[in-house]
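A.B. asks: Chain by chain, the residues run as shown.
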Amino acid sequence: MTEQRVSYTMDSSLETIDSAEQKATRIATDLGFGDDEVMQISMAVREGAVNAVLHGNAYAPDKKVTLAFEQTGGDLIITIRDQGPGMDLSRIPNPLAPENLLKTSGRGIFLMRSFMDVVEIRPSKTGTELKLIKHVHGHTADGKEASQ
Amino acid sequence: MTMKVGIRQVDGVTIVDCSGRITLGEGSVILRDTVRDLLSKGNKKIVLNLADVNYIDSSGIGELVSAFTTTKNQGGELKLLNLTKKVNDLLQITKLYTVFDVKDDEAAAVKSFK
Chain E
-17 MTEQRVSYTM
-7 DSSLETIDSA
3 EQKATRIATD
13 LGFGDDEVMQ
23 ISMAVREGAV
33 NAVLHGNAYA
43 PDKKVTLAFE
53 QTGGDLIITI
63 RDQGPGMDLS
73 RIPNPLAPEN
83 LLKTSGRGIF
93 LMRSFMDVVE
103 IRPSKTGTEL
113 KLIKHVHGHT
123 ADGKEASQ
Chain F
864 MTMKVGIRQV
874 DGVTIVDCSG
884 RITLGEGSVI
894 LRDTVRDLLS
904 KGNKKIVLNL
914 ADVNYIDSSG
924 IGELVSAFTT
934 TKNQGGELKL
944 LNLTKKVNDL
954 LQITKLYTVF
964 DVKDDEAAAV
974 KSFK
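Protein chains in written order, with our numbering: chain E, -17 to 130; chain F, 864 to 977.
Read the hints as simulated data drawn from the structure, not as lab findings. Even glycine gets a Cβ: it sits at the ideal position worked out from N, Cα and C. Keep in mind that the hints are not guaranteed to be accurate.
[What the hints assert, rightly or not] Keeping only pairs whose Cα atoms sit at most 30 Å apart, straight-line, the calculated DSSO-like set for lysine-lysine is:
hint, chain 1, residue 1, chain 2, residue 2
1, F, LYS966, E, LYS85
2, F, LYS904, E, LYS85
3, E, LYS107, F, LYS948
4, E, LYS5, F, LYS904
5, F, LYS949, E, LYS5
[Unchecked claim] Label pairs and their computed distance ranges (CB to CB):
hint, chain 1, residue 1, chain 2, residue 2, range
6, E, GLN(-14), F, ASN936, 49 to 59 Å
7, F, LYS948, E, HIS37, 26 to 36 Å
8, F, VAL873, E, ASP44, 44 to 54 Å
9, E, GLN(-14), F, THR865, 26 to 36 Å
Pulled out of the complex, with its shape left as it was, chain E reads as follows (with noise of 0.2 Å):
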């Protein structure tokens, strides 16, 4: 599988997370995924890019969200980087818990977990990177094909 690897720099903006999501779209489609897989990662990156828009930079006009993929091995990797104060990891809600459920929000990550076969999060003073990864069928992390 040849690797690739792409980036953009964008906006902290509503439009900036349309655009990743379509983004996300394209690259995912033209790497073959199904139309299942397709939908989760595109979603994955919506939900990154909100948290990167709103709760990073806080539409601030000055700061910068950071998007790319890369294609290696067996492996989609989306990393979304904002310029934010970092994410506060230990405020993370488990918004399946029952006094959780009936909130208006705190579900993005869980999404994206849910959606995704790798989610890291690492925060920093300068900002929060976010790692999404998702396999391509049938290979394992290490790009090995997978045994079935």
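Chain F: place on chain E using the hints.
C.D. replies: Only chain F this time, still in chain E's reference frame:
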């Protein structure tokens, strides 16, 4: 495709026919404003027909929850009708399927109000 709503009355129940995407931004705002407007005019039996909603994100899910709780807090009832597979799957994995009263037949949905 942005979200659009059409409103009709059936036997004292307000059916809101939604189409498009319920996502952060315009889609969520339209849904919020529509439900609040209905409640302010005394329409407290509400069915959201989601047959033509092809996409919903976490903000849209939050807006559905908000519509449900706002209606309930004002003494009304809000039910969901005709979920697409995508929306149905999302409500299943977020366990909200157990919260909402979900119907797949409009006549049954209308009759189900007290």
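A.B. asks: Could you work out which of the previously given hints the structure breaks and list their numbers from low to high?
C.D. replies: 3 and 4
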